[in-house]
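Student: So you can see what is in the structure, the chains are spelled out below.
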Amino acid sequence: MTDSKYFTTTKKGEIFELKNELNSDKKEKKKEAVKKVIASMTVGKDVSALFPDVVNCMQTDNLELKKLVYLYLMNYAKSQPDMAIMAVNTFVKDCEDTNPLIRALAVRTMGCIRVDKITEYLCEPLRKCLKDEDPYVRKTAAVCVAKLHDINAQLVEDQGFLDQLRELLSDSNPMVVANAVAALSEISDTSPSPAAQMEMNQQTINKLLAALNECTEWGQIFILDALSNYVPKDDREAQSICERVTPRLAHSNAGVVLSAVKVLMKGMEYVGMESEFVTTLQKKLAPPLVTLLSSEPEVQYVALRNINLIVQKRPDILKHEMKVFFVKYNDPIYVKLEKLDIMIRLATQENIAQVLAELKEYATEVDVDFVRKSVRAIGRCAIKVEQAAERCVSTLLDLIQTKVNYVVQEAIVVIKDIFRKYPNKYESIISTLCENLESLDEPDARASMIWIVGEYAERIDNADELLESFLEGFHDESTQVQLQLLTAIVKLFLKKPTETQELVQQVLSLATQDSDNPDLRDRGYIYWRLLSTDPAAAKEVVLAEKPLISSETDRLEPTLLDELICYIASLASVYHKPPSAFVEGQALVVRKTQLPVRSASGEPGATGATESPVPQQAQPVQQQQSVIPSHDTAMGDLLGDLLSMDLNPPQQQMSMTPAPQQDMGGMDLLGGGLDSLLGGPSPVAGMPASQASMGGGLGDILGLGISSTTYVPPKQVWLPAPKAKGLEVSGTFSIRQNVRYMDLTLKNNAMAPMGDFAIQFNKNSFGLSPASALQVPSPLSPGQTADVTLPLGTNGPVQKMDPLMNLQVAMKNNIDVFYFSCLIPIHLLFTEDGQMDRKVFLATWKDIPDSNEVQKEIANPNQLDPKGISDKLQQSFIFTIAQRNVDGRDMLYQSLKLTNGIWVLAELKIQPRSPTMTLSLKTRALDVIPQVQQAYELIIANM
Amino acid sequence: MIGGLFIYNHKGEVLISRVYRDDIGRNAVDAFRVNVIHARQQVRSPVTNIARTSFFHIKRSNIWLACVTKQNVNAGLVFEFLNKMVEVMQSYFGKISEDNIKNNFVLIYELLDEILDFGYPQNADTSILKTFITQTGIKAQVTKEEQSQITSQVTGQISWRREGIKYRRNELFLDVLENVNLLMSPQGQVLSAHVAGRIVMKSYLSGMPECKFGINDKLVLDKSGRSDDPSKVSATGKASIAIDDCTFHQCVRLSKFETEHSISFIPPDGEYELMRYRTTKDISLPFRVIPLVREVGRTKMEVKVVIKSNFKPSLLAQKIEVRIPTPLNTSGVQVICMKGKAKYKASENAIVWKLKRMGGMKESQISAEIELLPSDKKKWSRPPISMNFEVPFAPSGLKVRYLKVFEPKLNYSDHDVIKWVRYIGRSGLYETRC
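The listed protein sequences correspond, in order, to chains A and B. Counting in my numbering, the first sequence runs from 3 upward without gaps. Counting in my numbering, the second sequence runs from 455 upward without gaps.
Please keep in mind that the hints were generated in silico from the structure rather than gathered at the bench. Yeah, the Cβ is synthetic: ideal placement off N, Cα and C, and Gly gets one too. Certain hints may be false.
Straight-line Cα separation of at most 25 angstroms, DMTMM-like style, residue types lysine to aspartate or glutamate; simulated pairs [unchecked claim]:
(1) B:Lys863 / B:Glu664
(2) B:Lys584 / A:Asp758
(3) B:Lys598 / A:Asp99
(4) A:Lys362 / B:Glu664
Cβ-Cβ distance ranges computed for the label pairs, FRET-style [said to hold, decoys possible]:
(5) B:Lys465 / A:Arg168: 25 to 35 angstroms
(6) A:Pro445 / B:Lys735: 29 to 39 angstroms
(7) A:Thr281 / B:Glu467: 32 to 42 angstroms
(8) A:Pro499 / B:Val750: 53 to 63 angstroms
(9) B:Lys858 / A:Lys286: 25 to 35 angstroms
(10) B:Ser716 / A:Gln403: 52 to 62 angstroms
(11) A:Asp446 / B:Ala485: 49 to 59 angstroms
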């Protein structure tokens, strides 16, 4: 008996006939009819009219028939919700069946029927099935929770199914565990609710790792994918996970291997860079990656796309495996193109001869895309490996001699790049290129050729004729060619002004008067004006020296690369695009996939396989910011830089050595004035935030705090006038340009002028002392106020004070000596080198006994996000070492160092949309903790 | 995860369509047909994104299988699953063809229901599937014990073997099958060479036997310090070989392999692939091809190809075939060869030279004159000369050292098991550029 006959019934009145058959008494006939219905459904015919008749067949002992009816139901229930209710009873009954296969079938199917009323009935049976004695039913029920979540997320949370699902993670059956992991991962991926997030702690991880050894190949993939989202606590844990995942690399299923590679690639980020462990792990990764290349071509393709990422991230892994990427004659084109890409990435001085020989071979193949890419690859080799440039150029010339049109055009495009990279080296070949001028019909090639002619106009005798020939069909060219032609002719004119005046006028008028293209017109006008007003300037602009092009122009941007590394094996890694680019609704969900902070900053230095002298270790976060400035700060920084460069040269000195007071008097006044404007006795809280930040910007512009704008508490009255015979002293502390200052305001409330001011500090806990004499404009007339700044050193005599931060000051003037005391805000003592290396941080954190850890809830009144907090703290020299997201809460790991060398480590737990956060501090010197806590609160609340 | 699976014939007509996820609409079926199947040449990747929907496809004979999704799925998993699906269907009804698929569509739906749940692949092991999904419909009337046996196998730790297997004679067949791949330059320089080997096992053993398998892997032997033993020299003259990488059937305990380098497992019943491996070092290449191509003017070419066998004279290679490509504008070919039969096959643009067998350390030669039609089409890309053969040894030098069987519960011992080992080396892509 064959089933194909069901596909052929296309007569009229078919539906009616089927209806009769479905209601037949004979079981066989019924079954036949249902099969026909399914066949029609498959080919896209609408058989929803038969709904009641099909559902009537549901109650049967015949499992095959039952499955067919279920299949029908899944397809049409949504369009006939009222009728679907008819099926509910059978489902519920089936969920109680003695046969576990039927119980599972019922719960599996019910989850696929997206009708609200049915969903309500699903809850009870599902709850039971999750606790079923049979693992087959449990593993089916686990997936069903994910189905239900897709239909009604709230219901799943309300009914406590998530907890039940989490319990299944400890199930004795590995397949149940795997399906539970898959379901939980999906739910936490799609749900924004924190309750739905997958709790991953050491215990769960251990359970998963145990199940990993025993479950099916697919289950292993689910588990590995879930593991890759876990952020290990320390490098030891990362290492142990890696060790237990490594055996998976020998699995025959490529999916398992790729997912294991993902876990390992991420794991390596958490283990120290230079460690031997990473080196051995990298060695272990190479063979399985190569093995993937002997699987089915489609799998090879996925593997190659991923290898492309891996090679960019860790060039060492496959550096000796160039040969396996040689293209085979019978490889499908998509495999060939990918291999070519990887070959270039792996090309080095040592293997370049082999690579070039291969590329030359490929350039004679038939597939146009492949040949073009091969030619391009030769050009890239030349740019990447300087020693090979000459050989590459001669290979390209050979190819140009073949006169195969697209080969010639492609070759000219890459030769232009070679000229850019190695100026004044290979120009002798220009004449050969010029011979092929007529055959160029692609915009890219034409534009490149025109660029070459313009750039080397002085060496080409008939450059004007050549360019003129292009000019004839100016309006038919593409914009790219038009722009290039315009520039080239202007270059030519600047080089040979006498003969080409007419030509340049012609092109300028073509570009400005006869063109609709605004880009072209604008460029035309600019040239025109430049040429007419200041030819010398025109020369400088148009013929300026060009920056050399980089060898790795096609590398992925480092942050994108890091993101994609987290998505190894997935579609994102195949597309080389983040999931948000092709998955709907992805942007809503906060992803947990992030590499640790330092990898992003460690990368830009290492550009290629050959040259990576920059040790890939943690670099200060500051540097990372300067590489990719964030939008809001970039402007201010730039302005600050510009202004400080042009207007305030002494400013630079000041940061080196405390300059004599007089030189900066004016600026100090300004600074002081600003300070008092912003943070004077008037309540800061009342100041709108925007104004405050603008003030900060102003401060930046004046060069008072380009690199650091630490939090400056408002000035307080330290010495009231009545106590000091009319002298009122108020002050605060600040750091500017890495120099600590005591900012004082002196007011003469007495009747007589004051003079001869001097200041002295008593021994104090941190050895703070005046770094220069107090310079007060004297005499200070009655009623007059003076703002004074006093640079401070930290090498003075030390004595532990009580309270710790107490500073006793003596101030003298022509009247008397006065004593007062003030509290040093501890953040004044944070140093700019307080960023601990990540590894040291981990080690130190572990090293300090837990008893030295103090936790406190601190306020986050503005509910800043982690980025904001981290930026803010950094301005006060509290550095964020790492950041991760655990269960929706952001954890910041931070360090700071006091002037006397005390380190304080901090863990800041930030709950989104919560006015408080938890600060855990760890240090060997417990005394400073209350102050540090206070500093945190002050900085976060006030800036 | 996978949102749906479609199977089409070569014309793009849907044979099977199963949707698992709500985000996949009916129009997805048509989108793939229009944009991929009917686009023919333009589609150059097995992954296609059409309107934010991703399609993964493979093509077997002239049947298209496509998985569709809107999520960021694990691409490796999807393709492995598609291949697995093909394997499952083949083991149920043989060749993947339009007729076979139409004839078994109910079965296929049933399978798809079982092995993909909400797009998550479940147990797809054919031996287990066959215990409860049969072509005559699911066994409805089974006893309670049988039911629980089925479910424990589907979900169990040893999902690939059922309990209670009994044989009168416990027998084992081991085949070491190697594909030797070569790319050689016209000058005889090895551009790349590797052996892709498989160890295929047929086991007819009772109960739940525990097996331990050993080969002359350098790593293992070095560890046990036996690599210097001269008595263990294999056919190709090497005591031990360096395996670049190997992968195992899911029955092999990977963590044990990682730590102790021992291959231990409970085998599935019947035929399966125990292991795959890859070697690149010290491969003994069974044949060397020496091409000589000379273009005589624009209308004539002379080709001479010599093949040399390079293995023990006592061994015999079989099924030797040399394929010499000819230009597209070939008008006539004259072939002279001393041994075997050679023929110009115009439809394949190649001269095919066949030899039934050839001993070791021998040499044979073919020469041909190719006449060409004058043509100004683009130049001929000179595809490589390829070769096929079969030799009765493993070109990698791999040797099976032992295969021990323990079955603690039943009363048969390792000695009672009859074991057979066979080595076959075949050509993979064995190409010489000319």
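Student: Hint by hint, note whether the structure agrees.
Tutor: Now for the hints, and whether the structure bears them out:
At most 25 angstroms may separate the alpha-carbon atoms for a hinted pair to count; Lys863 of chain B and Glu664 of chain B meet this at roughly 11 angstroms. The hinted pair formed by Lys584 of chain B and Asp758 of chain A fails the criterion: a straight-line CA distance of about 103 angstroms is larger than 25 angstroms. As the CA atoms of Lys598 of chain B and Asp99 of chain A are separated by approximately 12 angstroms, the hinted pair is consistent with the 25 angstroms bound. Straight-line distance between C-alpha atoms of Lys362 of chain A and Glu664 of chain B comes to about 53 angstroms, which puts the hinted pair past the 25 angstroms bound.
A hinted range of 25 to 35 angstroms is violated for the C-beta pair Lys465 of chain B and Arg168 of chain A, which are about 49 angstroms apart. Separation of Pro445 of chain A from Lys735 of chain B is about 49 angstroms and departs from the stated range, judged on CB atoms against 29 to 39 angstroms. For the hinted restraint 32 to 42 angstroms between Thr281 of chain A and Glu467 of chain B, the CB-CB distance of approximately 55 angstroms leaves it violated. Between Pro499 of chain A and Val750 of chain B the Cβ separation comes to about 58 angstroms, which falls inside the hinted range of 53 to 63 angstroms.
At about 28 angstroms, the beta-carbon gap between Lys858 of chain B and Lys286 of chain A stays in the expected band of 25 to 35 angstroms. A C-beta distance of roughly 59 angstroms is found between Ser716 of chain B and Gln403 of chain A, which places it inside the suggested range of 52 to 62 angstroms. Checked against the given bound of 49 to 59 angstroms, the beta carbons of Asp446 of chain A and Ala485 of chain B, roughly 32 angstroms apart, lie outside it.
In summary, the numbered hints that this structure violates are 2, 4, 5, 6, 7, 11.
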